[in-house]
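Enquirer: Use the sequences and the hints to build the structure in full.
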Amino acid sequence: MEHPLISSNNAFQNLITFYQKDQAARTVVVLEQVLRFFLKSISLKLKRKITL
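Here the sequence shown is numbered in the numbering used here, starting from 1 and rising by one per residue.
FYI, nobody ran anything at the bench for these hints, they're computed from the structure.
Note that CB positions come from ideal geometry on N, CA and C, so glycine has one too.
Accuracy of the hints is not assured; some may be wrong.
[Claimed, not checked] Heads up, simulated SDA-like pairs for lysine to any residue below, C-alpha to C-alpha not over 25 Å straight-line:
#, residue 1, residue 2
1, 21, 35
2, 40, 28
3, 47, 28
[To be verified] Ranges between beta-carbon positions, derived for each pair:
#, residue 1, residue 2, range
4, 49, 28, 26 to 36 Å
5, 36, 12, 48 to 58 Å
6, 19, 48, 39 to 49 Å
7, 16, 49, 43 to 53 Å
8, 19, 51, 47 to 57 Å
9, 12, 43, 24 to 34 Å
Expert: Laid out in structure tokens, this is it:
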């Protein structure tokens with residue numbers, strides 16, 4: 001039988017790991033959106049320069 005403090009600490013550790021993975025996934029999604037936005041604005045500027 002595991003000590004209750006150890007098992008609760010383990011659960012807490014799992015929660016932290018899950019939270020970190022969740023945060024990492026969200027960060028990747030946000031970075032992807034930011035990159036898409038920048039690429040769109042850059043390509044629009046390039047198209048304008050080509051037409052001028």
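Enquirer: Compare the structure with each hint and give your call.
Expert: Against the structure, the hints:
Between residue 21 and residue 35 the alpha-carbon distance is near 21 Å, which keeps this suggested pair within the 25 Å criterion. Only pairs whose Cα atoms come within 25 Å are accepted, and residue 40 paired with residue 28 is accepted, the gap being roughly 18 Å. At roughly 28 Å between alpha-carbon atoms, residue 47 and residue 28 are farther apart than 25 Å, so this suggested pair is violated. Look at residue 49 against residue 28: about 31 Å separates their beta carbons, and that is inside 26 to 36 Å.
At roughly 37 Å, the beta-carbon separation of residue 36 and residue 12 lies outside the given 48 to 58 Å, and the hint is violated. Remark: the range hint 39 to 49 Å for residue 19 to residue 48 is upheld by a beta-carbon distance near 44 Å. For residue 16 and residue 49, the hinted distance range of 43 to 53 Å is satisfied, since their beta carbons lie about 49 Å from each other. Remark: the range hint 47 to 57 Å for residue 19 to residue 51 is upheld by a beta-carbon distance near 48 Å.
Between residue 12 and residue 43 the beta carbon distance is about 47 Å. The supplied range of 24 to 34 Å is therefore violated.
In this structure, the hints that do not hold are numbers 3, 5, 9, in rising order.
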